[in-house]
Amino acid sequence: MTRFHGSERDDETGMAAGFHYRKMTIIIRDKESSERRWVHKERSIEKNGTSIDDQVYYLDVTKVFGAVLISNISGTYYSRNSFATIIVDPIYGEIIKSYIKSYDNFKHATSVANMSFMETGFDVKPAARVSSYSSRGPSYSCPFVLKPDITAPSTAILAAWPTNVHVLELKSQKFFSEFNIISRTSMACPHVAGVAALIKGAHRDWSPAAIRSAIMTTSYIFDNTKEQIKDIGTGEKATPFTLGAGHVNPNRALDPGLVYDVDVHDYVNLLCALKYSKRNITTITRSSSNDCSKPSLDLNYPSFIAFFNGGNSSSSTVQEFHRTVTNVGEGQTIYVARITPIKGLHVSVIPNKLVFNEKNEKLSYKLRIEVARMTKLKKVAFGYLTWMDVKHVVRSPIVVTTLKLKS
Numbered sequence: 001m002t003r004f005h006g007s008e009r010d011d012e013t014g015m016a017a018g019f020h021y022r023k024m025t026i027i028i029r030d031k032e033s034s035e036r037r038w039v040h041k042e043r044s045i046e047k048n049g050t051s052i053d054d055q056v057y058y059l060d061v062t063k064v065f066g067a068v069l070i071s072n073i074s075g076t077y078y079s080r081n082s083f084a085t086i087i088v089d090p091i092y093g094e095i096i097k098s099y100i101k102s103y104d105n106f107k108h109a110t111s112v113a114n115m116s117f118m119e120t121g122f123d124v125k126p127a128a129r130v131s132s133y134s135s136r137g138p139s140y141s142c143p144f145v146l147k148p149d150i151t152a153p154s155t156a157i158l159a160a161w162p163t164n165v166h167v168l169e170l171k172s173q174k175f176f177s178e179f180n181i182i183s184r185t186s187m188a189c190p191h192v193a194g195v196a197a198l199i200k201g202a203h204r205d206w207s208p209a210a211i212r213s214a215i216m217t218t219s220y221i222f223d224n225t226k227e228q229i230k231d232i233g234t235g236e237k238a239t240p241f242t243l244g245a246g247h248v249n250p251n252r253a254l255d256p257g258l259v260y261d262v263d264v265h266d267y268v269n270l271l272c273a274l275k276y277s278k279r280n281i282t283t284i285t286r287s288s289s290n291d292c293s294k295p296s297l298d299l300n301y302p303s304f305i306a307f308f309n310g311g312n313s314s315s316s317t318v319q320e321f322h323r324t325v326t327n328v329g330e331g332q333t334i335y336v337a338r339i340t341p342i343k344g345l346h347v348s349v350i351p352n353k354l355v356f357n358e359k360n361e362k363l364s365y366k367l368r369i370e371v372a373r374m375t376k377l378k379k380v381a382f383g384y385l386t387w388m389d390v391k392h393v394v395r396s397p398i399v400v401t402t403l404k405l406k407s
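Mapping to UniProt numbering: the sequence shown position 147 is 147, numbers consecutive.
Check the hints yourself; a few may be wrong.
Stated by the list, open to error - Simulated DEER-style distance windows between Cβ atoms:
1) H322 / K200: 24 to 32 Å
2) S132 / D205: 34 to 42 Å
3) I95 / R338: 46 to 54 Å
Unchecked claim - Taking lysine-lysine and the DSBU-like style, the derived pairs with C-alpha atoms no more than 30 Å apart in a straight line are:
4) K343 / K237
5) K362 / K200
6) K230 / K378
7) K343 / K353
8) K230 / K391
9) K294 / K230
10) K378 / K343
11) K101 / K125
12) K404 / K275
13) K125 / K391
14) K391 / K226
15) K391 / K362
16) K366 / K378
17) K362 / K230
18) K391 / K147
Quick caveat, the hints were computed from the structure, so don't treat them as lab data. Glycine included, every Cβ here is placed at the ideal spot set by N, Cα and C.
Full structure from sequences and hints, please.
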C-alpha cells in the first residue's frame with residue numbers, strides 16, 4: 001500500500017480474478033456506524049473495533065469495491081472474499097487513519113492513497129520460514145524417529161476447490177469458488193507427494209523409504225539471506241524438531257547420491273521394540289509371519305535422535321546408531337563424513353570414509369554420541385552429519401535432547 005505522498009509498505013493483500021483498478025472515495029467505518037453509511041462499491045478503511053468476521057460480512061453484503069482491514073491476525077483466510085482486500089496490523093492502521101483524518105474527511109486533493117495488488121512476490125526475504133502453526137516434534141507415538149521428516153510450502157497456497165463446497169461462511173452466508181487459498185500441513189503434504197511422484201517416475205525401482213531418504217538428505221536448511229531458516233513461532237533458528245531434515249528441494253532429490261533404505265523386517269523390528277502386540281503388528285503388516293527375535297529402535301533412517309537423562313549424572317552418557325547406505329550414484333565414488341560440532345558433545349563416525357566400487361553397493365557405518373558433562377547438556381541440541389563426494393551432499397540431522405518421554 002502506497003500513502004503519505006509515496007511512502008510504501010508491503011501488507012497482506014488479496015484480490016479476485018478480473019479485478020480492475022479505479023479511483024474510489026474512501027470512508028472510515030467506526031464500530032458504532034450503521035450499515036446505511038456504506039456506499040455501493042466504495043473503498044473502505046475498517047477499524048479494529050468489531051470482530052474481523054463481522055467486518056468481512058458487512059463489507060460483502062454492502063458490495064464494497066475494496067477494503068483495508070486493520071487486524072493482527074493472519075489475512076490468508078480473508079483473501080477469499082468478493083472484494084479486494086489489504087490487511088495491515090494495528091500500528092500501521094492507526095497511522096493510516098490519522099493521515100486520512102488530518103485532511104478533513106478526504107476533501108483535500110493532497111490526501112493520497114493507492115492500493116497496488118502484486119499477483120506474485122519475487123525475491124521476498126527472508127524465505128523460507130517455518131510457520132507458527134507447523135506441527136513440532138518429538139513424536140509421542142514413536143519418539144525414536146525424528147519428527148517431522150521434511151518442510152514444504154504450506155502458507156497461502158492457491159489450490160483448486162470443489163464448487164459444491166463453500167470456501168467461506170459468514171453470518172450463515174456461504175461463498176463458493178473454483179479456487180481456494182489454503183494454509184497448514186494439508187498444503188505441505190501435496191507438495192511433498194508431488195515430489196515423491198516425480199522421483200518415482202525417474203527411479204521406478206526405488207522403494208518408498210529410498211524416496212523419503214532422497215527428499216530428506218537433499219533438503220536445504222538456509223534461507224535466501226544465507227542464514228539458517230527461522231521459526232516464526234519463536235523467532236529463533238529452526239531446530240530439526242521444527243524443520244525436520246530441511247526444506248524440500250525437488251531438483252536435488254532426483255540425484256541424492258546415497259539413500260537409506262528400509263524393508264518390512266526393519267519396520268517389524270521397530271514395532272516389536274515399541275512393544276506392539278502380535279495382533280497389532282499383524283494388522284499393520286497384513287502378515288502373520290512376523291519375527292520379533294531382533295527388536296530394535298534403531299531404524300535405518302536418514303536422521304538421528306538421542307534421548308539422555310539430564311537429571312541423572314550416573315545415567316549412560318553414550319549412544320550409538322547403526323546405518324546402512326546404498327550408492328545410487330554412478331559407479332565408483334568416495335564419501336567423506338563431516339560433522340557439525342555440537343557444544344558439550346563428542347560425535348564421531350566409524351568409519352569416516354565410505355569407498356563404493358559400484359552402483360547399488362551397500363556400506364554401513366556407526367554414529368557415536370558421547371556427552372561430556374550430563375549436567376551441562378541443553379534441553380535440545382542439534383547438529384548435522386554430512387557425507388560428501390565430488391558431486392553429492394548427503395545431510396542428516398542429529399538431535400540430542402533431555403526431554404522426558406511420556407509413557
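Okay, the hints, checked on the actual structure:
Checked against the given bound of 24 to 32 Å, the beta carbons of H322 and K200, roughly 28 Å apart, stay inside it. At roughly 40 Å, the beta carbons of S132 and D205 sit within the given window of 34 to 42 Å. Range check, I95 to R338: about 50 Å between beta-carbon atoms, so the 46 to 54 Å window is met. Distance hint between K343 and K237 is fulfilled; the C-alpha atoms sit about 16 Å from each other, no more than 30 Å.
Using a Cα cut-off of 30 Å, the hinted pair K362 and K200 holds, with the two alpha carbons roughly 20 Å apart. Annotation: proposed proximity of K230 to K378 holds, straight-line Cα distance about 19 Å (limit 30 Å). The hinted pair formed by K343 and K353 meets the criterion: a straight-line CA distance of about 24 Å does not exceed 30 Å. At roughly 28 Å between alpha-carbon atoms, K230 and K391 fall within 30 Å of each other, so this suggested pair holds.
Among the hinted pairs, K294 with K230 is inconsistent with the structure: their alpha-carbon atoms are about 40 Å apart, more than 30 Å. For the proposed pair K378 and K343, the alpha carbon gap of about 9 Å is at most 30 Å, so the pair holds. A hinted pair counts as satisfied when its Cα atoms are at most 30 Å apart, and K101 with K125 does not qualify at roughly 33 Å. Proposed proximity of K404 and K275 is supported: the alpha carbons are some 19 Å apart, at most 30 Å.
For the hint pairing K125 with K391, the CA-to-CA distance comes to about 29 Å; that is within 30 Å, so the pair holds. Distance check on the hinted pair: K391 and K226 sit about 21 Å apart at the alpha-carbon level, within 30 Å; holds. Distance check on the hinted pair: K391 and K362 sit about 18 Å apart at the alpha-carbon level, within 30 Å; holds. With a CA separation close to 24 Å, the supplied pair K366 and K378 stays within the 30 Å bound.
The straight-line distance between the Cα atoms of K362 and K230 is roughly 36 Å, outside the 30 Å bound, and the hint therefore fails. Simply put, K391 and K147 have alpha-carbon atoms about 28 Å apart, close enough for the 30 Å limit, and the pair holds.
Comparing the model with each numbered hint stated earlier shows that hints 9, 11, 17 do not hold.
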